[in-house]
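Protein chains in written order, with the working numbering: chain A, 500 to 866; chain B, 5 to 298; chain C, 3 to 286.
The reader is advised that the hints may include incorrect statements.
[Claimed, not checked] With a Cα cut of at most 20 Å, we get these calculated SDA-like pairs of lysine to any residue:
no., chain 1, residue 1, chain 2, residue 2
1, A, Lys610, B, Ser56
2, A, Lys653, B, Arg294
3, A, Lys616, B, Ile212
4, A, Lys610, B, Leu283
5, A, Lys610, B, Leu44
6, A, Lys653, B, Arg116
7, A, Lys653, B, His296
8, B, Lys112, A, Gly536
9, C, Lys101, B, Ile42
10, A, Lys593, B, Val208
11, C, Lys101, B, Gly41
12, C, Lys101, B, Leu47
13, C, Lys101, B, Leu283
14, C, Lys271, B, Arg116
15, A, Lys616, B, Leu217
16, A, Lys653, B, Ile42
17, B, Lys112, C, Leu25
18, A, Lys610, B, Val185
19, C, Lys101, B, Trp67
20, C, Lys21, B, Val208
21, A, Lys627, B, Arg210
22, A, Lys593, C, Ala18
23, A, Lys616, A, Asp634
24, A, Lys627, B, Leu217
25, C, Lys21, B, Arg110
26, B, Lys112, A, Asp851
27, A, Lys610, B, Leu189
28, C, Lys143, B, Val50
29, C, Lys21, B, Val99
30, A, Lys593, C, Trp19
[Unchecked claim] Derived list of chain B stretches under chain C, where covered just means 3 residues or more per stretch with a C-beta under 8 Å from a C-beta of chain C:
no., region
31, 163-177
32, 189-196
33, 221-233
Simulated from the structure, these hints should not be mistaken for laboratory data.
Quick reminder that beta carbons are idealized off the backbone N, C-alpha and C, glycines included.
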Amino acid sequence: MAFDRPEPSETALTPVADPTTAPAAAIRLDRVSKLFGRFAALKGVELEVRPGELLAVLGPSGSGKTTLLRLVAGLEFPDEGRILFGDDDVTLTKASDRRVGFVFQQYALFKHMTVAKNVAFGLDVRRKDKPSRKDRDARVAELLKLVELGDLGKRFPLQLSGGQRQRVALARALAVSPRVLLLDEPFGALDATVRKSLRRELRRIHDATQVTTVFITHDQEEALELSDRVVVLNEGRIEQIGTPDEILNAPATAFVAGFVGQSNAFHGEVRAEVFRAEGMTLPAPGLADGPAEAFVRADQWALSSGKGLEVKVLRVPPSAGLLRVEVEDPHGRPLEAALLRAEGVAKPAVGDKIRLRATGGRVFPSP
Amino acid sequence: MVSLAPDARLTGSAPARRWTRSFRRRTAVPGFGLTMGITLTVLCLVVLIPLSSVAIKAAGMGWSDFAQAAFSRRAINAYKLSFGASLIGAVINGVFGALTAWALVRYKFPGRMLLNGLVDLPFALPTAVAGIALAALYAPNGLIGGVLAKVGVKAAYNYTGVVIALTFIGLPFVVRTLEPVLRELSADVEEASATLGATGLQTVVRVIAPALLPAWLTGFALAFARGVGEYGSVIFIAGNMPFKTEIAPLLITMQLEQFDYASASAIAVVMLLASFALLLLINAIQAWSRRHEG
Amino acid sequence: MVDATLSAPRVGRDPAWVKGLILTLVVGFIVLFLVAPLAMVFAGALSKGAAPFLMALGQPDSLSAIRLTLIVAAIAVPFNAVFGISAAWAIAKHRFPGKAFLITLIDLPFSVSPVVAGLIYVLVFGLQGWFGNWLSDHDIKIVFAVPGIILATIFVTFPFVARELIPLMQAQGTDEEEAAATLGAGGLQTFWRVTTPNIRWGLLYGVLLSNARAMGEFGAVSVVSGHIRGLTNTMPLHVEILYNEYDFVGAFSVAALLCLLAIVTLVLKAVLETLEPEASRHGL
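Chain A on its own, in the form it takes in the complex (with noise of 0.2 Å):
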């Protein structure tokens, strides 16, 4: 495999950063702030990349994800704040001086060119350090291959299905030897099963060229499946920058436990460090007392054979491993929990009432 090893050289797909001696960053939003008219899109975000990882930015639409990746590539100027690469600071550089790898989400493809061509053009454009016709040749194989779409170069982007197009854009923004490798929404206009797949490609691929990738989506099940580090954002601001385990397990905001893992919230009271509401009831360590809010999630619920929260089935879809049921609180609030079959538990039926009790869980003081 060429992408191994890290080459100076221009046929190096890029510089690959050594844990030990990179600085600290490969990307750095210093307090960046963006307003379109009145509407403040990021408010003083503070981030860094690390170099080498697989980043994804995770948030709801209107979160301000998009308007972060078009700041990183040049596409947008932030009006307060720093944007580094490493030492340098980009913050006014043009977007064709930034070497940016970006992948827009509807790919924008040249439907004039070949794949090749398209693939190709990143160098043909170069003004300095124009690579030869035979080198650039040999790196747009190259990178075809690595995207697998090896025998393609010769057809026209509209003759190919949208996962060989997104390919095709992929190994486009990777020709230029990018310094960071940006993917908006890379999934969003493919289909299911595609979509996992490539999934599996982007991660494939960003192993193999070790190149540092920011990718946003709206979908957590691709963040946290995908990504070294998770950012989620919410109305302009960061959350919270962690694992996907950090992200999943220790959710650092209401809003974030609320996002991720399929959470159902909570209004009750906190008393002696403990949260109460119908029925359950949730340790909250160091929390004073007041108003608060849990989210549990579907995977944290138990059958209780004493104390819980009262519901009714609704339903009992088949399924392997964990029992899954629909149920209803006594508002008429839909929940879903997937129980471990214990020993000697009858499966609940339809129309049963069930008493739940929560064995996980996150509880934020009311704001």
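Knowing the structure of chain A, use the given hints to seat chains B and C on it.
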């Protein structure tokens, strides 16, 4: 099937009924027979049969008479003028039409709506009106012609006058064929080009221009084709000197005035063939522009 | 605070000098070729004041030219509207072989020189033409008379409505008509209640353009008219006669009237263009 009745009546045959049945299986929408009947009947009576009259008239002449009428020195000079001046007019419109489309799509400026409306003026303004207005303006005693005369340029009653009229008449074509394509060209593509390191000029030359080329060629060919057949706007500013500033359509009317219908038909056949060739060319450009999509 | 927009222009935004240069060239070109002729017509019409302008329009010959132009348009435009709707219905709502060829045939009059368009009717209906003897035996005049003018006008405006409606109706597909059919609507009911509301702006657009051309046609009408004053002179032909007689005020006065027609057409066209996307959105 009620809708079949008029069709069967019009063509009066059973195969026609089978024909409609076998080909329109895939729609439940009624009225095919009636509307198709009207369409074909009117098309034949108004367009096809009358058009065939020139071909039949010319065919009746015999080859040598035909060649003598269609390729006389006077006719050749008329073709040269009609085609040459149309070509120059189309080139001028190719340049300025592209700039106009660019300005209309990409810039916001006061009067943009007015400019946009004005572009269609040559479609809406009767050609005779355009003709006398251009003649009065560009004649040596006219407002613009006077200025040009001072620097030694004669802009009316000569070749230049014909070019001016044909530029006017072809103006909307390039603008209107380019505009939608330019508008549809997504911002993504330009941004992609920029992130790959291309300068603004490189993006225009390598990404935007190739995407616009088919539409530009179509507009160019349409403007050219329109110019070749144009009559009303040209005759007032052309001078109409046989062998010099006489356009081909004018020559046809000259032959008609002398009741020489055969010669008129011969020239008309040449012009029709030229328009059909241009029509084919335009279709070929369209097909070529869709070559990447299959 | 960093003023980023000044130092680093956004992608897709041209530098100010490029924009300035292009706008100067475009405006110059448009003024020279479009605004100046338009202004010239009104300046010529009013060069001796309003009275000669109105007098020129009040001349019996002018009035009869206006009347004939209106009559011709009143026949040719509805004729082509009916044809256009029929053709669009047959072509856009049904499948059959040779569709592209049929569309090409309908578009044919656009690529025929107006003079040739006049010539073909002279060849068919003229004295030396196919039906010449029969027509003169029955004392029917088509060429060098009003019917010839109407025929030639129909020819040159033939494709307008059809070419406007075919793509529109194709884009709308047949779902709504099929839905109407499953709900028990007959053909005419479907057309009036389902199709017409969807195509009315496009239809109006086609009618508008064909009307402008019908009233302004010169070459084809010139060949078939015979230029008989007060009888077979339409407004554009009358402009030519007055101009050739060096009655410039008269010529530009009638021309100014035609100019107004063009301006009204362009304004209505702009209005329809803003209405049409609206209409299609409601159509969903």
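Each hint tested on the structure:
1. Using a Cα cut-off of 20 Å, the hinted pair lysine 610 of chain A and serine 56 of chain B is violated, with the two alpha carbons roughly 42 Å apart.
2. Restraint check for lysine 653 of chain A and arginine 294 of chain B: satisfied, since their Cα atoms lie roughly 16 Å apart, inside the 20 Å limit.
3. Of the supplied pair hints, the one linking lysine 616 of chain A and isoleucine 212 of chain B holds, its CA atoms being roughly 15 Å apart against a limit of 20 Å.
4. Among the hinted pairs, lysine 610 of chain A with leucine 283 of chain B is inconsistent with the structure: their alpha-carbon atoms are about 26 Å apart, more than 20 Å.
5. With a CA separation close to 39 Å, the supplied pair lysine 610 of chain A and leucine 44 of chain B exceeds the 20 Å bound.
6. For a cut-off of 20 Å, the pair hint linking lysine 653 of chain A to arginine 116 of chain B is broken: about 42 Å separates their Cα positions.
7. Only pairs whose Cα atoms come within 20 Å are accepted, and lysine 653 of chain A paired with histidine 296 of chain B is accepted, the gap being roughly 11 Å.
8. Between lysine 112 of chain B and glycine 536 of chain A the alpha-carbon distance is near 18 Å, which keeps this suggested pair within the 20 Å criterion.
9. Between lysine 101 of chain C and isoleucine 42 of chain B the alpha-carbon distance is near 15 Å, which keeps this suggested pair within the 20 Å criterion.
10. A distance of roughly 17 Å separates the Cα atoms of lysine 593 of chain A and valine 208 of chain B; the hinted pair therefore holds under the 20 Å criterion.
11. At roughly 14 Å between alpha-carbon atoms, lysine 101 of chain C and glycine 41 of chain B fall within 20 Å of each other, so this suggested pair holds.
12. As the CA atoms of lysine 101 of chain C and leucine 47 of chain B are separated by approximately 14 Å, the hinted pair is consistent with the 20 Å bound.
13. Simply put, lysine 101 of chain C and leucine 283 of chain B have alpha-carbon atoms about 17 Å apart, close enough for the 20 Å limit, and the pair holds.
14. Pair hint lysine 271 of chain C plus arginine 116 of chain B holds up; C-alpha atoms about 16 Å apart against a cutoff of 20 Å.
15. Using a Cα cut-off of 20 Å, the hinted pair lysine 616 of chain A and leucine 217 of chain B holds, with the two alpha carbons roughly 18 Å apart.
16. Simply put, lysine 653 of chain A and isoleucine 42 of chain B have alpha-carbon atoms about 48 Å apart, too far for the 20 Å limit, and the pair is violated.
17. A hinted pair counts as satisfied when its Cα atoms are at most 20 Å apart, and lysine 112 of chain B with leucine 25 of chain C qualifies at roughly 10 Å.
18. The hinted pair formed by lysine 610 of chain A and valine 185 of chain B meets the criterion: a straight-line CA distance of about 13 Å does not exceed 20 Å.
19. Among the hinted pairs, lysine 101 of chain C with tryptophan 67 of chain B is inconsistent with the structure: their alpha-carbon atoms are about 35 Å apart, more than 20 Å.
20. For the hint pairing lysine 21 of chain C with valine 208 of chain B, the CA-to-CA distance comes to about 14 Å; that is within 20 Å, so the pair holds.
21. For the hint linking lysine 627 of chain A to arginine 210 of chain B, the alpha-carbon distance of about 18 Å falls within 20 Å, and the restraint holds.
22. Of the supplied pair hints, the one linking lysine 593 of chain A and alanine 18 of chain C holds, its CA atoms being roughly 17 Å apart against a limit of 20 Å.
23. A distance of roughly 14 Å separates the Cα atoms of lysine 616 of chain A and aspartate 634 of chain A; the hinted pair therefore holds under the 20 Å criterion.
24. Between lysine 627 of chain A and leucine 217 of chain B, the direct Cα distance comes to roughly 29 Å. Violation of the 20 Å bound is thereby established for this hinted pair.
25. Of the pairs offered as hints, the one joining lysine 21 of chain C and arginine 110 of chain B holds, with about 9 Å between alpha carbons and a cut-off of 20 Å not exceeded.
26. For a cut-off of 20 Å, the pair hint linking lysine 112 of chain B to aspartate 851 of chain A is broken: about 66 Å separates their Cα positions.
27. With a CA separation close to 10 Å, the supplied pair lysine 610 of chain A and leucine 189 of chain B stays within the 20 Å bound.
28. In summary, the hint linking lysine 143 of chain C to valine 50 of chain B is supported, as the alpha carbons are separated by about 17 Å, within the 20 Å threshold.
29. Between lysine 21 of chain C and valine 99 of chain B the CA atoms are separated by roughly 16 Å; this keeps the pair inside 20 Å, and the hint holds.
30. The hinted pair formed by lysine 593 of chain A and tryptophan 19 of chain C meets the criterion: a straight-line CA distance of about 19 Å does not exceed 20 Å.
31. Check on the region 163-177 of chain B: 4 of its residues sit with their Cβ under 8 Å from a Cβ of chain C, so the three-residue criterion for coverage holds.
32. Counting residues of the region 189-196 of chain B whose CB lies closer than 8 Å to any CB of chain C gives 3, so the stated coverage by that chain holds, three being the minimum.
33. Beta-carbon proximity to chain C at under 8 Å applies to 3 residues in the region 221-233 of chain B; the threshold of 3 is reached and the given coverage holds.
Violated hints, in rising order: 1, 4, 5, 6, 16, 19, 24, 26; the structure is consistent with all others.
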